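Participant: Residue numbers (my numbering), protein chains in the order written: chain A, 1 to 342; chain B, 1 to 342.
If you are wondering where the hints come from, they were derived from the structure by calculation, not from laboratory data. Errors might be hidden in some of the hints.
Since copy identity is lost for identical chains, a pair holds within one copy or between any two.
[Said to hold, decoys possible] Straight-line C-alpha distance at most 30 Å; calculated DSS-like pairs for lysine-lysine:
#1 Lys-143 - Lys-35
#2 Lys-82 - Lys-174
#3 Lys-323 - Lys-82
#4 Lys-337 - Lys-323
#5 Lys-174 - Lys-186
All of these numbers come straight from a predicted model, not from anything done at the bench.
2 protein chains.
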Amino acid sequence: MSLMLQEITEQPEILERTINAEREKVTKLGDFLRKKDIDLIVLVARGSSDNAALFGRYLLEITTGIPVSLSAPSVFTLYNAKLKLNRALVIGVSQSGEGADINRVLETAKSAGAYTLGITNEAASSMVTIADETLLIHAGREKSVAATKTYTGQMMHFYMLAAALGDHRLDYHKIPEFAELALRLKPEIERLVERYAFMENCVVVGRGMNYGNSYELALKLMETCYVVAERFSSADFFHGPLAIVERRFPVILFAPSGVTRQSNIDLLNRLHELHADSLSITNDDKIAALSSRSIAMPMEIDEFLSPIPFIIPAQLFAAYLSKAKGLDPDAPRSLAKITKTL
Amino acid sequence: MSLMLQEITEQPEILERTINAEREKVTKLGDFLRKKDIDLIVLVARGSSDNAALFGRYLLEITTGIPVSLSAPSVFTLYNAKLKLNRALVIGVSQSGEGADINRVLETAKSAGAYTLGITNEAASSMVTIADETLLIHAGREKSVAATKTYTGQMMHFYMLAAALGDHRLDYHKIPEFAELALRLKPEIERLVERYAFMENCVVVGRGMNYGNSYELALKLMETCYVVAERFSSADFFHGPLAIVERRFPVILFAPSGVTRQSNIDLLNRLHELHADSLSITNDDKIAALSSRSIAMPMEIDEFLSPIPFIIPAQLFAAYLSKAKGLDPDAPRSLAKITKTL
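With the hints as extra help, turn the sequences into a complete structure.
Facilitator: Next comes the structure, spelled out in structure tokens:
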């Protein structure tokens, strides 16, 4: 079994452990931050961590009402801009805690008066010494080059933080169980990927809560399967990129029931007219019926809780497809585990 | 001549006209906004306008020090979030002024206490009636489905606004002349595209000031040439997506001299090791020498002023490549000029 597959399998346990170990700290942090009159949250990350941040952006903005900005690190590292951040909460997200650009942004933000928070899997990392406070993912060392368990661990911290900062009811303690259910799809997905062995490019679509997931699956497909995978929200996809869709062009959708349902149905109808090939990850019967293929998520679930369970079949899809293509998901060409950029 | 090519050619004149017609209004607006103690700028757009906003994000954040957030429209339109925006400037960008989701965000932001600004090409559009103030692009009706002249017109408004809001010296009045110089590359680019007639996918790279351009060229290639075109910053490209690069894989770079130069050189060296095929749009001799092919921009130019002149050869590239592929850039399959999404 690949390291990637092994780490995918560990996720329910890690999520449970992370909740138990960190919930109290996050609640206290929430109380502290509520008193500080934060009026902006800035998220800064690269790679899979940036995809988790993209999820965090929607969750935090919607549940707390505080505007969220996804930072452009080069604004700080190349252009040396001095931003007005004195009422901001700046959150760095990095699996290793050693992303040099992320840490530089945290340092600059701190000196500009921001409260800084790190989310990392490594308790002994530079990030921990830089940020005012750190939230730890309890995933154990991530050995796979393609991040999976730290991605969902980072997402879990956004749930805890959103619950601590806002007034929205978020039953995130149910997520590990949903993740466990999602893992049962393994044999089905291992069979399904055979159909995609020769897929060379595709588009991944997700929206709102599942928008970050579309980036994350596309990244996994690029890293482990060498598929040229685009990612769009269903709304943006209609603005131009739809022109690339020809007969049999593969489009993969994250399509839970909830507020994004209608836009996914509209897109599936359009894809059908264009004779495209659609694969939906969904718990909605109508969406499954409109899709060329579907991965049926065995659960009724609040859309707000869907992103973690819904990325699991996608992670499995990438790991098995890599194998089906005769590749090794643990040894993606040209990549190292830690990427240093400024 | 296609409408697209015709409208590309009109740009220097439109930029000049837009500066002359709107500069005074923007300066007054800047004075007014400086007194309002704005502590956040939110940009909201779709499609090419969103790519112009991505440029605006870097320019405004770097030159004014005010944090900028690129809005996720669904936060307002699907999730009905109520954001704290009472000290925010919210800028909607829409060629037609009829983007229903963009206008909805402006309405919601206004009722939340934000000052709202529209940037549009249509003086008689809904956006003008909704926003507190509107900046007009003086481009004449845009007939081509693929936006070109309104994209650079929108960018010009970000220059004028940045100059009015911040203390950074921006000689944007020089841009129309640089745009004129860029247009002289027409015959060279018409010859160059022959080499790319069978290109099916590619990656476009840009960073900082030219990051929005990488999205814009990728979108033009998707819309008018049906090329599956990815877009990344050179930093993000190293975080995973690099794995898709195989021998002869095409990578197009926006590579002006300036602070992003070293990261482009690092990337070109890596691409050379991987035997990839690189095409740089550059005014830097070393970058040209490191690239498989290059489009030599005939100008010394401050990096901050480079985005408009540098997108012009890219627009020409897409328009001519469409023709070289036997397609019609004015009739992209599956698309209409105005896209309505919520």
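Participant: Take the hints in turn and mark each one as holding or not.
Facilitator: Results of checking the hints against the structure:
| no. | hint | in the structure |
| --- | --- | --- |
| 1 | Lys-143 - Lys-35 | neither (39 Å within a copy, 53 Å between copies) |
| 2 | Lys-82 - Lys-174 | between (41 Å within a copy, 26 Å between copies) |
| 3 | Lys-323 - Lys-82 | neither (47 Å within a copy, 46 Å between copies) |
| 4 | Lys-337 - Lys-323 | within (20 Å within a copy, 42 Å between copies) |
| 5 | Lys-174 - Lys-186 | within (21 Å within a copy, 60 Å between copies) |
In this structure, the hints that do not hold are numbers 1 and 3, in rising order.
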